[in-house]
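Asks: Below, each chain spelled out in residue letters.
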Amino acid sequence: MNHDIPVLTLGAQGEVMAHAVDACVHCGFCLPACPTYALLGDEMDSPRGRIVLMKEVLEGHLALPDAAPHLDRCLGCQGCVTACPSGVPYGELITAFRGWSEPQRARSPLDRAKRWAILKALPAPKLFSVAARLGQHAKPLAPVLPAALRGPLDLLPERVPAMQPSPAVTAARGQRRGRVALLAGCAQQALAPNFNAATLRVLARNGIEVVIPDGQGCCGAAALHTGARDEALRLVRTNLRAFNPDDYDAILSNAAGCGAGLKEYPVVLHGLPDEAQARAFAAKVQDISEYLHGLLQGGILEPTLPARTPLKVAYHDACHLAHAQGVKAAPRALLRAIPGVDLVEIPEGDLCCGSAGTYNLEQPELAAQLGGRKARNILGTAPDLIASGNIGCHTQIQSHVRRQGSPVPVMHTVEVLDLAYRGEL
Amino acid sequence: MPRPPTDGPVEKQALTTTSEARKPRSDGSPTNALAADLTRQLGPRKVLHQLSERLNYRYDAIQFGVTPLAVVLPESTADVVAAVKAARAAGVPVVGRGAGSGLSGGSAPMQEALVIAFTRMTALQVFPERREAVAQPGVITLKVTEAARPHGLIYPPDPASFRTSTIGGNLAENAGGPMCLKYGVTGDYVTALEFVDAAGDVHRVTRDAYDLAGLLIGSEGTLGLITEATLRLIPPAKFTRTLMAHFAEVGQAAEAVSAAIAAGAVPAKLEFMDRACTNAIEDYLHLGLPRDAEAVILVDTDGNDLDTVTGELALVEQACAAAGGVTRLARDPAEADALWQARRSISPALGRIRPQRMNEDIVVPRSALPDVVREIRALGDASGFHLVQFGHIGDGNLHPNIMFDPRTESPQAVHDLAHRIALVALRHGGVLSGEHGIGTMKRDFMTDALDPATLDALRDVKRALDPAGTLNPGKILPDPQTPEAPHAHP
Ligand SMILES: Cc1cc2nc3c(=O)[nH]c(=O)nc-3n(C[C@H](O)[C@H](O)[C@H](O)COP(=O)(O)OP(=O)(O)OC[C@H]3O[C@@H](n4cnc5c(N)ncnc54)[C@H](O)[C@@H]3O)c2cc1C
Ligand code: SF4
Ligand code: SF4
Numbered sequence: 001m002n003h004d005i006p007v008l009t010l011g012a013q014g015e016v017m018a019h020a021v022d023a024c025v026h027c028g029f030c031l032p033a034c035p036t037y038a039l040l041g042d043e044m045d046s047p048r049g050r051i052v053l054m055k056e057v058l059e060g061h062l063a064l065p066d067a068a069p070h071l072d073r074c075l076g077c078q079g080c081v082t083a084c085p086s087g088v089p090y091g092e093l094i095t096a097f098r099g100w101s102e103p104q105r106a107r108s109p110l111d112r113a114k115r116w117a118i119l120k121a122l123p124a125p126k127l128f129s130v131a132a133r134l135g136q137h138a139k140p141l142a143p144v145l146p147a148a149l150r151g152p153l154d155l156l157p158e159r160v161p162a163m164q165p166s167p168a169v170t171a172a173r174g175q176r177r178g179r180v181a182l183l184a185g186c187a188q189q190a191l192a193p194n195f196n197a198a199t200l201r202v203l204a205r206n207g208i209e210v211v212i213p214d215g216q217g218c219c220g221a222a223a224l225h226t227g228a229r230d231e232a233l234r235l236v237r238t239n240l241r242a243f244n245p246d247d248y249d250a251i252l253s254n255a256a257g258c259g260a261g262l263k264e265y266p267v268v269l270h271g272l273p274d275e276a277q278a279r280a281f282a283a284k285v286q287d288i289s290e291y292l293h294g295l296l297q298g299g300i301l302e303p304t305l306p307a308r309t310p311l312k313v314a315y316h317d318a319c320h321l322a323h324a325q326g327v328k329a330a331p332r333a334l335l336r337a338i339p340g341v342d343l344v345e346i347p348e349g350d351l352c353c354g355s356a357g358t359y360n361l362e363q364p365e366l367a368a369q370l371g372g373r374k375a376r377n378i379l380g381t382a383p384d385l386i387a388s389g390n391i392g393c394h395t396q397i398q399s400h401v402r403r404q405g406s407p408v409p410v411m412h413t414v415e416v417l418d419l420a421y422r423g424e425l
Numbered sequence: 001m002p003r004p005p006t007d008g009p010v011e012k013q014a015l016t017t018t019s020e021a022r023k024p025r026s027d028g029s030p031t032n033a034l035a036a037d038l039t040r041q042l043g044p045r046k047v048l049h050q051l052s053e054r055l056n057y058r059y060d061a062i063q064f065g066v067t068p069l070a071v072v073l074p075e076s077t078a079d080v081v082a083a084v085k086a087a088r089a090a091g092v093p094v095v096g097r098g099a100g101s102g103l104s105g106g107s108a109p110m111q112e113a114l115v116i117a118f119t120r121m122t123a124l125q126v127f128p129e130r131r132e133a134v135a136q137p138g139v140i141t142l143k144v145t146e147a148a149r150p151h152g153l154i155y156p157p158d159p160a161s162f163r164t165s166t167i168g169g170n171l172a173e174n175a176g177g178p179m180c181l182k183y184g185v186t187g188d189y190v191t192a193l194e195f196v197d198a199a200g201d202v203h204r205v206t207r208d209a210y211d212l213a214g215l216l217i218g219s220e221g222t223l224g225l226i227t228e229a230t231l232r233l234i235p236p237a238k239f240t241r242t243l244m245a246h247f248a249e250v251g252q253a254a255e256a257v258s259a260a261i262a263a264g265a266v267p268a269k270l271e272f273m274d275r276a277c278t279n280a281i282e283d284y285l286h287l288g289l290p291r292d293a294e295a296v297i298l299v300d301t302d303g304n305d306l307d308t309v310t311g312e313l314a315l316v317e318q319a320c321a322a323a324g325g326v327t328r329l330a331r332d333p334a335e336a337d338a339l340w341q342a343r344r345s346i347s348p349a350l351g352r353i354r355p356q357r358m359n360e361d362i363v364v365p366r367s368a369l370p371d372v373v374r375e376i377r378a379l380g381d382a383s384g385f386h387l388v389q390f391g392h393i394g395d396g397n398l399h400p401n402i403m404f405d406p407r408t409e410s411p412q413a414v415h416d417l418a419h420r421i422a423l424v425a426l427r428h429g430g431v432l433s434g435e436h437g438i439g440t441m442k443r444d445f446m447t448d449a450l451d452p453a454t455l456d457a458l459r460d461v462k463r464a465l466d467p468a469g470t471l472n473p474g475k476i477l478p479d480p481q482t483p484e485a486p487h488a489h490p
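These protein sequence lines are chains D and A, in that order.
For the first sequence, full-length UniProt numbering begins at 1 and goes up steadily by one.
For the second sequence, full-length UniProt numbering begins at 1 and goes up steadily by one.
In isolation and in its complexed conformation, chain A is listed as follows (with noise of 0.2 Å):
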């Protein structure tokens, strides 16, 4: 059955196409309970459950999961409320889901559930004099700075994904990006957070009192669902300058990256890519990378005195030199926007190499990223496995990536390099995950990561907001009854 326009805003009207209005489809009305109920109170716009449909919304950039009853595109806080209250009724967990670009798993259904996906909740306003926006989640990330801009004010978080992602997934998995090196992740520009709990109440939170909204952020869905953000802005710097440095050995890169922040330096944007990377966006965009070089690393300085932010370069290109490396200044914007183009685009770009990927991110201590990088290197090399390194190393984030074919290596040898490579992290001091959130990826190895109490302690966390264990089960907390949570791939 074709969806028929309701009011919602022109550009999006459901449309009877020709082929569509004559030919029966074999799942024509809804096939279950909370479908139907769903569709009688929200509209027949709003709710998909056609198997056509609903196939599509199982998956984010990193798995595959369960495809789900029902699916909802909610178009307000109320429709969200709506949503809730009927899947509660009906006993089927809800999993929230933006642009499922997410990289662990988040919002790919472990069991058959709701979705709610916020693509359609998209309204964004700015306040330029208290240096505000309102946005809710479905707003693409980097519109938020495209609005913001015209005010002379930027909305700093940059997650690579940041024309894919929105900003109800950004605050789920608490995103970085290059700009969180100076600027701070996601996280850092939320003064306040509406969100609706596992009961269909809505509750608005500021960042004082208990810190609700912070609890909420990186919480990946499975405390709340949150339908509208208050987001700080910023004056953007009014000089950049970009240089690009490569190095015969990944070690080098770190120690250059070590040194320059010793000295002082404090980019704006520090990041690493390995050769494998390199070739990767060689073959996608033909820049003219250095395809020998070991490691790139790609640097940002900025600020409002060019007289500091061409010294700090300095810095960092003394401290590269020192290292063995050898440097390159971007001579214009134009080369600067293309390298960062570059560095944004590393991730996908690496599906020229396997098909299936496992994608790490670790973050440690910056005086032990050389140990870790060659470490890691080492263990990939041993392993057989294309294993590629890249990330956020000014922030000690690295994004370790075993590449694989499910049809000729064994995904629990992906598993238990993966496994291996956070055992290196949490024993050089580090954490498990930067900015990727934990999903279903990670979850096996939170036990490594924290002690009993802790996990104990998030747990009750979990408990207080959602009871009943609706919200996005199976992510974040090892099951104490199903210790073996699913590998990363269909």
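Next up, chain D with everything else stripped away, as it sits in the complex (with noise of 0.2 Å):
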């Protein structure tokens, strides 16, 4: 699309927006994948619609306040970029234009100190764990607070689970035939701790060595995605030191977000002294699926143990895995190896579940309706279970699969795998 973004005084970044601009030809081939585009049918609220927005505000002819609104609606679940045929790094847009636009935004108090606490308490495990807790006391009050506050309380699981510290080194079983670093995640270990657990067990089984380096913090992404630019310079460069991708034959993360936020480093870093040790490490990350199915097509996987009845399981394909990472036929693999297993695919299967991120805090409307539609569609599969690899899909789809009066089990893929090994599927 032909424009007069005003590059040079936008910097580094600036390119980034404008090459995605110039790429864009606005076919509209997006508009059908994209989740606020189906709820509103307005064209403000379509990938299409939002690129010519930043683009107008970029190079000056519309007031940041108007575009707002529409593109605090979207997800950043890049459905768009894996619908669009030209190329158009939205996922990149987007994020560069919320880190050169945040500064510039006026928020109310009340705003920002949301903000500040979403930013501060999700990357920090204990200070979560700690809200998490006290969130699960607040539950019954749910009905009587505000809005802006019952989304995240909805959200929490009915038992917040103990903390449970992972060990520095996992030793691999029998022969070791692998190294890896993990990326232990954030909201992630408050949450479901049971993820990194199970995620060691079956790379150990599989003869991999795991270790999960000191120093290491959030990966940045919710920072970066929420415009915080500085914040989440400074946790990109603490990974950058706590991981030396010279050390390892991969870094694994099972958080999905986490995982597209470590593949996005290069980008972030775009421009400035550190890029080329971006690229370095992000060349090294992997999401554990991808990982396991290397293994699985090396013939290296260890066999797990058949489901012990015959088992439909849904796989949702979380938007920062198959979108962003572009992994979809990896945990599909995976899956399909467990003996018993009949996978099923979900009907608008591409269209996110509505929790990206922040999104349930920031928008919990539309996030409430997408939530809701994908319950809908994966319990209209009828499954015995449900599998995803990402903690965001995991909280949303187990808390609109119960509304929706389902008792049906919501699980990480590696979680699964576990499960398969111990003969407990």
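Among the hints, erroneous ones may be present.
[What the hints assert, rightly or not] Straight-line alpha carbon distances no greater than 20 Å define the calculated SDA-like cross-link-like pairs of lysine to any residue that follow:
| no. | chain 1 | residue 1 | chain 2 | residue 2 |
| --- | --- | --- | --- | --- |
| 1 | D | Lys328 | A | Leu285 |
| 2 | D | Lys328 | A | Ala468 |
| 3 | D | Lys284 | D | Pro266 |
[Stated by the list, open to error] Covered by chain A, per the in silico footprint, the following chain D stretches (three or more residues, Cβ under 8 Å):
| no. | stretch |
| --- | --- |
| 4 | 65-76 |
| 5 | 382-392 |
| 6 | 406-418 |
Read the hints as simulated data drawn from the structure, not as lab findings.
Cβ atoms here follow ideal geometry from the backbone N, Cα and C, with glycine treated the same way.
Fit chain to chain and form the complex, with the hints in mind.
Replies: Now the structure itself:
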């Protein structure tokens, strides 16, 4: 698309934005992939519309506060990126735009406090755990609380599990066949400690030594995608110091959002002195399912025991796995490799479940509509089990499936594998 | 101001977002009398008047136009009538809009206008016993087949944009698609239409007497606004087989096509893409298409008798081999689907080559195809522009695309090259548009294509249905007063 974005005055991130706008031929192929367009049916809340709005703001033809409501409704799910034949890097555009525009936005004190709390609590597992526990006690009060606070409470599980500290090194079982580093994750450690426990067991069983490097922190994605660029840069650099890519065969994440965040480091540092370092790091990053799929393809993944009874598994594509990282086949292949598992596809599978990072907190109404729609689509396949590779989707889907009265278990892909290895599936 | 929810479908209710509720917007209330009047009549949910909203209703997939004064998102024919009457009272022209996927500038306003965008008029009913569907104009094309399939029926017209484009937009452009070689275009599947005319009166027309429905089809929103269509459905063929062939030269591909059809094959689909297209697609989908081939054709044969289907495919295979091509059969439906997805993605994937393009849509007699594709190739090579070709070659419908960067390449030179291409088609007995419409893109070339008497007849038709010229002005008909139409870019 033709534009007059003043690239020179916007710096390296300006280049990123101008390139994305340039690449868009406004064909509209992305419209049907966009969850907010599906709900609202207007051009401003579509990917193509948002690209035009960002262009107009960057060119100085439109005031930021006028465009902001529509840009704020974007989930960052990147469904549009998968759908776009022109290769428009929409994810990079909206992230860079949020970083550029956030300092210019007038936010109310309550809004700012909420954002501060999110940015501080999410990356700090201990703090998050305490907050989640407090929230759990506040749950009965939910009906009388303002909507802004009700959203997050709704998402908390009935019982917040106890923190389980992960060992710094988990030895390989049997012959050592590889050595990987794991990003431990933040909120996930508090809400679903079993994701990491299952990951360590499955990797060890396959002869992989797992290191959880000291000094690592949050991947920075939440900060980056809410526009807190300085905070994000700090977190990114902390991780670049903690993980030396030369020491490991791979750097693994078992949270799709974090994995996508880690793979984004070269774009975040684009034009900065540590860009090359970020590239070397990102080249090693894999989602847990990608790595295990590599073992499966190499013929060295330990076979699991069969499911005890035939099991219909609905696999939900996390946006940050399927769209942001392009990982769709790997988790499916791993689940199909378990004897007795019948994998079913979910209608409208490419549409986001509405969890998307902090969306539940910022756009509770849209998030709830999407969550309800996703749960209906999943339950329509009558599954015995729901699998997915992201903590955000996990809590969102679990909450909406329960709300629709279904007791079907929701698990991380690696938890399903772990159970299968133990003969408990 | 947030738009408060009204009685619309639940999933589309307007929302009060936290940020929206708190932040004063610089253009908070209707800025003009028309927007204010429409908001009074239709309620705030159906009327967009803020700059941030209107800006997004000034483009289609090819062109940016003038920002509209207001946008109406009607939910019923009555809403459309109200909007047309309000615009008429205010002396403001009206531009209809579907999904804005058009490739000739049709839904991009040429002057300050009221845009009526049909994306929320999505009611769709299937009547299997009479093999028909009744659709509001905002129904997405693919949805018709999806709704018909459980009844053992399909809706054949399949523009490459069928996941995005609307039935209203398809009707207004008389859209085609790969299936139209054997099954016909949108207009062939319409049995009745409801439309609102320039005065705001509602008409229901069928295909008899004066075929007024036929006149509305392909009229690009310049004669009336279509508010409902009755569409014909058919049972799908039982068997389909897919073949891909590639050639070392574009003319060979065209020769194979002419020969196959002359030999008696009636493929369901017969599509062509040149080397630039296959490479753009490979960059997107990584299917293993032959990157070095100068031309690729993609063929489906179908029917209810497997022998006939494979027999026809064999005829095509022989014709391709005789023309020097290398053929490959799709092993299974999944491989065939991937190849067709590739074909559907050509047009936007070309965005990877240059940010802007001029998209031609010529149709020539099949016998002239080899000469035409070679002449166009030569024009492109001599021009210094990236010129690519693809299209529904079985119909003789070609889409030469001129890729360019408006910051470094002259739009006038692009326009001139497009003109020369149009003249090649006309010289070989062809026409200017197969399916994308004339819009603003090919308006200038109409005087080359039609003699003055015929052009006058078209003007008379326009005057009869839209005497004041308020429906989508600036499209199709070259204006005798202002012969120079704007070019293909903002
Ligand atoms: C990648 C790509 C591939 C394409 N492939 C094909 C193809 O294979 N075949 C093909 O034929 N086209 C194709 N097109 C072009 C385009 O999709 C079609 O022209 C389509 O019919 C436009 O539909 P729309 O809903 O997007 O309409 P719009 O682009 O919004 O409008 C098109 C025209 O219709 C008018 N209009 C819209 N709704 C109404 C209504 N209810 N009443 C009266 N007038 C109305 C508008 O004023 C405008 O003149 C393609 C486009 C893209 C981007
Ligand atoms: S699909 Fe890609 S090129 Fe087309 S409008 Fe969307 S972002 Fe732009
Ligand atoms: S990221 Fe998701 S919500 Fe945002 S524009 Fe793209 S598809 Fe729509």
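Asks: If a hint holds in the structure, say so; if it does not, say that too.
Replies: Hints, verified against the model:
1. D:Lys328 x A:Leu285: OK: Lys328 of chain D and Leu285 of chain A at ~14 Å, within 20 Å.
2. D:Lys328 x A:Ala468: The hint is violated at about 55 Å.
3. D:Lys284 x D:Pro266: 12 Å, holds
4. 65-76: Contact hint for the stretch 65-76 of chain D vs chain A: holds, 8 residues under 8 Å.
5. 382-392: violated (count 0)
6. 406-418: violated (count 0)
In the structure shown, a violation is registered for the earlier hints numbered 2, 5 and 6, in ascending order.
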